[in-house]
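*Asks:* Put together the whole structure using the sequences plus the hints.
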Amino acid sequence: MRKTLLALLVSSLPLSATLSPAMAKDTGYLFISSEKDNSVMVMDSKDFSVIKVIPTADRPRHMAFNADHSLIYAACGDGESIDVIDIAKLEVTDRIEDIDDPEAFDLSPDGKMMYLSLEDDGALGFIDLGSKELVAEVEVGEEPEGVLTSPDGKTVYVTSEVANTVHLVNAESRELTANIVVGKRPRRFALTPDNLELWVTSELDASVSIINLADNSIKEVIHFEPTGFRREQVTPVGIVMTADGKGAWVALGRSNHVAYVDVASRRIEDYVLVGNRAWNVTLNRDESRLYVVNGLSDDLSVIDTASRKVIKSVPAGRVPYMALIDD
Amino acid sequence: MPALLKPKALFLLLALFHAGAACAEDTFTIGYLELKGDARYKDKRLFSQYPGQPLGRPHAGAEVAIREVRFHGVELGLSFALEKVEAKTPADLQPALEAMQARGIRFVAVDLAAEQLLPLARSQRGREMVLFNVSAPEDSLRADGCQPNLYHTLPSQAMLYDALAQYLVSKKWRNILELTGPNPEDQALSEAFARSAKKFGLKISEKRPFELGNDPRDRSKNNIALLTGGDHDAIFVADAHGEFARSVPYQTRNPDLIVGSEGLVPVAWHWSWERYGAPQLEKRFEKMHNRPMTGTDWAAWIAIKSVAESVQATKSTDFATISAKMTASDTLYDNFKGTAGGFRAWDHQLRQPVLLATHNWVVERTPLDGFLHQSNTLDSIGVDERESQCRF
Numbered sequence: 001m002r003k004t005l006l007a008l009l010v011s012s013l014p015l016s017a018t019l020s021p022a023m024a025k026d027t028g029y030l031f032i033s034s035e036k037d038n039s040v041m042v043m044d045s046k047d048f049s050v051i052k053v054i055p056t057a058d059r060p061r062h063m064a065f066n067a068d069h070s071l072i073y074a075a076c077g078d079g080e081s082i083d084v085i086d087i088a089k090l091e092v093t094d095r096i097e098d099i100d101d102p103e104a105f106d107l108s109p110d111g112k113m114m115y116l117s118l119e120d121d122g123a124l125g126f127i128d129l130g131s132k133e134l135v136a137e138v139e140v141g142e143e144p145e146g147v148l149t150s151p152d153g154k155t156v157y158v159t160s161e162v163a164n165t166v167h168l169v170n171a172e173s174r175e176l177t178a179n180i181v182v183g184k185r186p187r188r189f190a191l192t193p194d195n196l197e198l199w200v201t202s203e204l205d206a207s208v209s210i211i212n213l214a215d216n217s218i219k220e221v222i223h224f225e226p227t228g229f230r231r232e233q234v235t236p237v238g239i240v241m242t243a244d245g246k247g248a249w250v251a252l253g254r255s256n257h258v259a260y261v262d263v264a265s266r267r268i269e270d271y272v273l274v275g276n277r278a279w280n281v282t283l284n285r286d287e288s289r290l291y292v293v294n295g296l297s298d299d300l301s302v303i304d305t306a307s308r309k310v311i312k313s314v315p316a317g318r319v320p321y322m323a324l325i326d327d
Numbered sequence: 001m002p003a004l005l006k007p008k009a010l011f012l013l014l015a016l017f018h019a020g021a022a023c024a025e026d027t028f029t030i031g032y033l034e035l036k037g038d039a040r041y042k043d044k045r046l047f048s049q050y051p052g053q054p055l056g057r058p059h060a061g062a063e064v065a066i067r068e069v070r071f072h073g074v075e076l077g078l079s080f081a082l083e084k085v086e087a088k089t090p091a092d093l094q095p096a097l098e099a100m101q102a103r104g105i106r107f108v109a110v111d112l113a114a115e116q117l118l119p120l121a122r123s124q125r126g127r128e129m130v131l132f133n134v135s136a137p138e139d140s141l142r143a144d145g146c147q148p149n150l151y152h153t154l155p156s157q158a159m160l161y162d163a164l165a166q167y168l169v170s171k172k173w174r175n176i177l178e179l180t181g182p183n184p185e186d187q188a189l190s191e192a193f194a195r196s197a198k199k200f201g202l203k204i205s206e207k208r209p210f211e212l213g214n215d216p217r218d219r220s221k222n223n224i225a226l227l228t229g230g231d232h233d234a235i236f237v238a239d240a241h242g243e244f245a246r247s248v249p250y251q252t253r254n255p256d257l258i259v260g261s262e263g264l265v266p267v268a269w270h271w272s273w274e275r276y277g278a279p280q281l282e283k284r285f286e287k288m289h290n291r292p293m294t295g296t297d298w299a300a301w302i303a304i305k306s307v308a309e310s311v312q313a314t315k316s317t318d319f320a321t322i323s324a325k326m327t328a329s330d331t332l333y334d335n336f337k338g339t340a341g342g343f344r345a346w347d348h349q350l351r352q353p354v355l356l357a358t359h360n361w362v363v364e365r366t367p368l369d370g371f372l373h374q375s376n377t378l379d380s381i382g383v384d385e386r387e388s389q390c391r392f
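Chains as they are written, first to last, in the working numbering: chain A, 1 to 327; chain B, 1 to 392.
Hints are supplied without guarantee of correctness; some may be wrong.
[What the hints assert, rightly or not] Okay, derived cross-link-like pairs now, DSS-like style, lysine-lysine, Cα gap no bigger than 30 Å in a straight line: (1) B/LYS283 - A/LYS132; (2) B/LYS283 - A/LYS36; (3) A/LYS184 - B/LYS84; (4) A/LYS184 - B/LYS283; (5) A/LYS36 - A/LYS52; (6) B/LYS315 - A/LYS219; (7) B/LYS203 - B/LYS172; (8) A/LYS89 - A/LYS112; (9) B/LYS199 - B/LYS171; (10) B/LYS171 - A/LYS36; (11) B/LYS325 - A/LYS184; (12) B/LYS287 - A/LYS184; (13) A/LYS36 - B/LYS287; (14) A/LYS184 - B/LYS315; (15) A/LYS52 - A/LYS89; (16) A/LYS246 - A/LYS309; (17) B/LYS287 - A/LYS132; (18) B/LYS325 - A/LYS219.
The set of hints was computed from the structure by calculation and includes no laboratory data.
*Replies:* Laid out in structure tokens, this is it:
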């Protein structure tokens, strides 16, 4: 009798979880993609215990939540797929297949379209998330990387690492509307909340270029020079801006630091020492914590943003690429 | 001019002319020159896949580059084109280059052995022309043979062996037995290694000459067990061809490490290199050419890239502006090896990391941590300014 009850209870657990996705809300879980483990690690952001390791297609890199945080899309470069992780189930429940080397992406504001950099094809791909079909490709410079959709959904920004260019693509006509030359190896974007400035990191220029979106000109370039490192060791990639647009966190790659920039004055206020090859940065909702994944020391640095100090380093799988937090 | 071209090359050239005529002011053409029947690319030699040596003509790398730069001229309304000329004989090289210059080409990647490259580069002295050496590693081309308009994208022998020496020193494998071949090219390798050994503090305990062959009377030179006795930390093989070097591993008297022309080999590029975007470049190359990319392919690739990137950065097609940009001290080219570098002012050698590779793995990227330099860590490998014998 007890056995049956237990069995019933156990078997009903995943069922109830599926029935009420609301249960999965604000789990406080960190999701970390790991390029060489072919999995996404789920970690409790309170005590950093590993909740689960979710197997995915090969080499998951960029990830993003859907609008209501019930799903995570994970681009799997070598698996040639976009894996869809159900946050309630903590497993891959769907897969968009036959996408050649997907890297980074962003979603349209209505959540219906995915704009995806196709690294091998030198193209921006348009994936209809309803039909799960690649419906269009726009040719851009070689090795497209960071993708960002404008809040009005009209423009997609994509970098080409090889062409040192930020391309502007009209989301509707699917045509290139502008090409802006920035510092070498442009990687990732952040947009100011007033939508007037597009910040883009340049991995081989030790800089962030600030694009004035009113006329697509370069307004300013911020160069990073953490003490004790030469310019060639300073390789900015990840960037995140605070919701009020006052501050920006920039991961400086091989120089093993993240920088905090005061947006209004462009002043670099702090360099915080983290692990090796700091890659992508993520803020939690109340912006009290910054999570930094370190690709060459296989760990996650947790920064207390008030004191701007690392309060914890935890192992995060082989070659962690980025972290998401569901809070 | 047609006399020195193969019919097929001529046809291609005419096609290019034709395409160029339609939008003449919008095309920036970069030249490419090679020699028919170049002994370094004989079928049998390519088939052997000697480590550190080409698997095909470096033009393959230039083709990948020209595709990569299709957006580099967008601000100027320019597109880049590559024009290859294959000279039939060494005597046809100079006329071919003159013809390119007459057609307005000012930057030419040159795939030639040192003996053909040197007179060709000399002939261009004082002219509006930049040549890129993509396949000759000889130090002499960067020393007394250096020319102001000859740029080297392939690492010099000094760079390659400094990289190797850094590694051996860092492992404290300082005591080296050297096996040297009978050819002048082998001698050049031996001299380059001696320089690197001295620079980093390796001890070449003994140099033994080897010869290819099975003559029992020469067994002290052709029997590997007899050649490799004694006490040492590693064996350096100076064999420019590679046929002898490949037979050394597993045949030594003691269980020895082999470095140099076999075993652990310093290279400009290796297909297994997996950091800094390298797999993407390798993938693009293999997709286009169905073979792995090697150092000479990489050197041709970055030669084309350096021109296009300089045009993009200066927003100019003016020869003087572009060439000034190429030698500016703050100019850096992305080499997909992690530390961008520009051309050294004193000998026009491209600074770059050197990879130490086995058959299927990059063991280290150099300069290694801990080898410092007062101005640029990349200058800890190769001939530094004070040491350079180049006077332009």
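*Asks:* None of the hints should be skipped; say for each whether it holds.
*Replies:* Structure-based check of all given hints:
no., hint, result
1, B/LYS283 - A/LYS132, "26 Å, holds"
2, B/LYS283 - A/LYS36, "18 Å, holds"
3, A/LYS184 - B/LYS84, "28 Å, holds"
4, A/LYS184 - B/LYS283, "21 Å, holds"
5, A/LYS36 - A/LYS52, "17 Å, holds"
6, B/LYS315 - A/LYS219, "18 Å, holds"
7, B/LYS203 - B/LYS172, "11 Å, holds"
8, A/LYS89 - A/LYS112, "22 Å, holds"
9, B/LYS199 - B/LYS171, "16 Å, holds"
10, B/LYS171 - A/LYS36, "28 Å, holds"
11, B/LYS325 - A/LYS184, "15 Å, holds"
12, B/LYS287 - A/LYS184, "25 Å, holds"
13, A/LYS36 - B/LYS287, "23 Å, holds"
14, A/LYS184 - B/LYS315, "15 Å, holds"
15, A/LYS52 - A/LYS89, "11 Å, holds"
16, A/LYS246 - A/LYS309, "19 Å, holds"
17, B/LYS287 - A/LYS132, "26 Å, holds"
18, B/LYS325 - A/LYS219, "23 Å, holds"
The structure shown violates none of the earlier numbered hints.
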